[in-house]
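Number of protein chains: 4
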Amino acid sequence: MARIMRLGRVELKVMDLESSVDYYTNIIGLEVTGRDRDSVYLKAWDEYDHHSVILTKSNSAGLAHMAFKVETLVDLAYYEKKIEEFGCTTSRISKGARIGEGEAVHFILPTGHHCELYTEIELLGTAVGTLNPHPWPLGKKGIAPHRLDHCLLTGDDLKTVSRFFVEALNFRQSEKITTVDGEELLGSFLFTSNKAHDIAFVKGPDTKLHHAAFHVNSLHDVFNAADLLSMYEVPFDVTPTRHGITRGETIYFFDPSGNRNEAFASGYFAYADMPTITWTEDRIGQGIFYHRRELSESFMKALT
Amino acid sequence: MARIMRLGRVELKVMDLESSVDYYTNIIGLEVTGRDRDSVYLKAWDEYDHHSVILTKSNSAGLAHMAFKVETLVDLAYYEKKIEEFGCTTSRISKGARIGEGEAVHFILPTGHHCELYTEIELLGTAVGTLNPHPWPLGKKGIAPHRLDHCLLTGDDLKTVSRFFVEALNFRQSEKITTVDGEELLGSFLFTSNKAHDIAFVKGPDTKLHHAAFHVNSLHDVFNAADLLSMYEVPFDVTPTRHGITRGETIYFFDPSGNRNEAFASGYFAYADMPTITWTEDRIGQGIFYHRRELSESFMKALT
Amino acid sequence: MARIMRLGRVELKVMDLESSVDYYTNIIGLEVTGRDRDSVYLKAWDEYDHHSVILTKSNSAGLAHMAFKVETLVDLAYYEKKIEEFGCTTSRISKGARIGEGEAVHFILPTGHHCELYTEIELLGTAVGTLNPHPWPLGKKGIAPHRLDHCLLTGDDLKTVSRFFVEALNFRQSEKITTVDGEELLGSFLFTSNKAHDIAFVKGPDTKLHHAAFHVNSLHDVFNAADLLSMYEVPFDVTPTRHGITRGETIYFFDPSGNRNEAFASGYFAYADMPTITWTEDRIGQGIFYHRRELSESFMKALT
Amino acid sequence: MARIMRLGRVELKVMDLESSVDYYTNIIGLEVTGRDRDSVYLKAWDEYDHHSVILTKSNSAGLAHMAFKVETLVDLAYYEKKIEEFGCTTSRISKGARIGEGEAVHFILPTGHHCELYTEIELLGTAVGTLNPHPWPLGKKGIAPHRLDHCLLTGDDLKTVSRFFVEALNFRQSEKITTVDGEELLGSFLFTSNKAHDIAFVKGPDTKLHHAAFHVNSLHDVFNAADLLSMYEVPFDVTPTRHGITRGETIYFFDPSGNRNEAFASGYFAYADMPTITWTEDRIGQGIFYHRRELSESFMKALT
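Residue numbers (our numbering), protein chains in the order written: chain V, 1 to 304; chain H, 1 to 304; chain A, 1 to 304; chain D, 1 to 304.
Same shape as in the complex, but just chain V (with noise of 0.2 Å):
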């Protein structure tokens, strides 16, 4: 059976939609490709799909759901199954309960968090098209990331969580942070594509969203999002960098409704048969932050 293709859709609660859109548009650079009444669908220029961030109005900020796309009907029942068997309980979100969306499949993380399977979704195709297309296209707005990248998430048990991607979803652990004894799983990075990673968790409280990120091509890109966001006020987390885990270039910031951000690049690529890095507590802080080498109390205070 297929592994899973990628995250294909966070939905992100936000407390005022039209601040919110107009972030996510002009400074982040996605574009609208639907609306109702409660929440904006956008879509970033690579993607194909018709989109990959719904912002839907809330009291409070954090994750609504996110959606891993499949390739298939029969992979979707296939992980269904698989998600019941690991004692999961599934149901099934009918086609057009949100725009462009086909049938979808829900459950419930270990850590308490939405999540959707998916593989209908309407194509709207991306910026540059199918036939002799541009590298990138003319009139880019803002940070113009490639795509979706990943979340991070936090959570209590992360044993069992890294356990359910790994046996009932197929993902595999390339990286993970342990206590200096190794008895307890303090982080855990998964992926089911060849990035780094799709999904991953640290240590917190269950149900938080930690942060979004989006996939810039390069660490000049890295760099000129972080100019963006000083031109237009955003307010940073963490200043460009470079990550121990997954060595990707880096920087986070918040949104209007302090959903945590990521301008992710580069990053090794994963192959299923890659043995799990393992950081252990006492190198944390080069871990996340391989500069600065220590941990910021807001980058683990800050969650949505």
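Treat the hints as calculated values from the structure; they're not laboratory data. Some hints could be false.
When chains are identical, the list treats them as one kind, so a pair holds in a single copy or across two.
[Said to hold, decoys possible] List of simulated lysine to aspartate or glutamate pairs, EDC-like, C-alpha gap at most 20 Å:
no., residue 1, residue 2
1, K208, D157
2, K159, D75
3, K140, D221
4, K82, E233
5, K95, E120
6, K141, D227
7, K57, D36
8, K140, D227
9, K95, D36
10, K141, D221
11, K203, E233
12, K301, E103
13, K203, E294
14, K81, E103
15, K81, E120
Given chain V, work out where chains H, A and D should sit, using these hints.
Coordinates of chains H, A and D only, in the frame set by chain V:
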């Protein structure tokens, strides 16, 4: 069944083994990991497996074989059966026929190239290890690519070889070049990982190698590689530019036997649900060399 | 007496004024700051002065004049006297002969090119201002160079024109190309600022322009410019590469009248005490195109 | 009279000479060019002169002296006279007082820092030579900056020291930081070359060094330097970011004695006719750290 993971190794025929080893170690920057009577085995610093390149003494240059790595012995048997079903003859190559390798499944592509599938190979690990690793090793030499990336081969019947990779090996076609009327297939780019290509074919004589490519991290690294090649007076085929096809940043150059190498960076993430991008023959120049917008004689003619 | 500051402006002859304005504004990304019957005046976003480029309608392409800016009227008189002492005739061009300009000293170079010195020109300021400025302006268009950078001209007697710049204008020679025996001067690179060249000459017909160059910040910006030129189907002369001479990162391309432009980044800091670097004719290919290591017909022949 | 060329050398006081030599050679990547009882002399690979850094054993860290290079002995006498006229006492330091150096003019800045002017120093040449040179040398070590770039010093009376550099040494002020009412000068950035600063001052105790900076070529090189510093566990002050002031790309870190170093890239070209850019105290955070937009305690307090 799992998709094939990646192009795991190429065995290149070289005419002067020692000058080739000098080139692949000091200029490309690979590490020698094994050596027997007529062959030298090498790996890139960011690869885990025992080797990704084998240089074998021969009277002519070219590709002795390439091999794709699968995840398990079950996958190996599965793909062996599919290859047979497609109509290709397979044979088993015994464990130990080459240094560090387990058993492999051998077959000949419709284009006449020798190809293998395997899963077992000795694990050496990367130069940075798996415990609190640094992002890159001190003391890198030469171009120091992360990995072997892909091969481009030539062949007469691109439809059949593409169908072979799609039907027998579960690859997808990311891009293709066709005549303007769409009738004839002139180029075919195929992926099994999330890279824009793991193997590609252009119209030409059967059994020939166009190039073997190594992955570097960024445009800066491509340019740095180009500088190095000039310092070492390595002959260039193509100086730094972008591909329209795959969007990669690239240079091409020749090893001492005339085998073409590429240092390749960037390119988009390919997922199984992407539509195939089409390049028409009238735009092939831009597809291959996005800046120059025309093919060069040497790029089309120099094959090994 | 102060050294001359910089190449302050070039007046380019163009055959179709409107298509040229379209090119220099939308593709190069300059801003129109003035316009009279036959000329359009433009500046780059990071320049303070009223203009650095004048496009003037003409029956042929080429350089109408170039002008260097000095610090003061005292400097203007000082260099005027030195030019006369060298044996060149000077004349004064009245304030207001062109938009925004004060009085200038006109003279003809030993290579037949029209040249001026000036100090007075209207001040418009950069796009980011001088109070708590951002590093670059939102809404940049096209290649968006920081500044006009330098010109390369052709001429028959490079020794005399080099001596003119050194003796009359206090320039220094950073690099030179000579025949292998050192007898004949084939190229001469001269600076008055701390850039590797502010003006340069290669052997060729008198009065001709080889190219006018614009400064961009980095290799990434050179490459981005190259992508843009392909999107706009601007003809390239030279795709991204490095110069041996000056070490700059570069592309060459043509404006609608056939005047060659360059987008140039990096290069070393030149100081008055640097020895002149020598390139011998047998290595001229590498000196000009460090990667390709050979000259191209078009680069030598296309002059305006 | 010619403008002063550049900051030619800094003499840094270090407490453990051997660990300092190890740091400046293996991590910064300078080359030792001389050594006497208490001092070690070093140069960067792209510098022509005998040394740009002198490490001198001392009981405390800090700046022993810095020296600016002029073009000729006539210039030396000219600036000596202007310094005297400004009201500073000068003295001559004999040729040979330090290795490789000719006679120098010594004086003390209004901020108490020891400063010299000189023109004579032994010429060693760059690592790439002056005949058909490669753009950079094989075998570079560590950060491998091109050159010593600038110093930032602290002092109480910034108006007087700025006036000294402008009136006595013909520097220009590129940027300044003032209180919001414009009354008090809190920072002053001064140039004599075409770089955005050759010397700078911020409000603080007299005689202290804030940092000595080295020039690297690009953002990529700044980031690469940051990676190296983490590999060698060198303490950071500031991880990769942009300056608002000068627009440079930067990192700050500490040598084994606590002297702050900077690796600095980019920044605009400064010309003598540029207006002074003003940063007001309320925006000083953004002026210094364009992304973080606030000063850090360590950046303000750690002085040597």
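Now for the hints, and whether the structure bears them out:
1. K208 - D157: within (13 Å within a copy, 52 Å between copies)
2. K159 - D75: For K159 and D75, the Cα distance exceeds 20 Å both inside one copy (25 Å) and across copies (28 Å).
3. K140 - D221: So K140 and D221 pass the 20 Å test inside a copy (13 Å) and across (16 Å) alike.
4. K82 - E233: neither (45 Å within a copy, 46 Å between copies)
5. K95 - E120: within (9 Å within a copy, 44 Å between copies)
6. K141 - D227: both (14 Å within a copy, 17 Å between copies)
7. K57 - D36: For K57 and D36, the Cα distance is within 20 Å only inside one copy (11 Å; across copies 55 Å).
8. K140 - D227: both (16 Å within a copy, 14 Å between copies)
9. K95 - D36: Within one copy only: 15 Å inside a chain, 61 Å across chains, cut-off 20 Å.
10. K141 - D221: Close inside one copy (13 Å) and across copies (17 Å); limit 20 Å.
11. K203 - E233: neither (30 Å within a copy, 27 Å between copies)
12. K301 - E103: neither (36 Å within a copy, 51 Å between copies)
13. K203 - E294: Within one copy, since 17 Å is at most 20 Å while 30 Å is not.
14. K81 - E103: Only inside one copy: K81 and E103 sit 16 Å apart there, 34 Å across copies, limit 20 Å.
15. K81 - E120: Close inside one copy (18 Å), not across copies (31 Å); limit 20 Å.
Checked against the numbered hints given earlier, this structure breaks hints 2, 4, 11 and 12; the rest are met.
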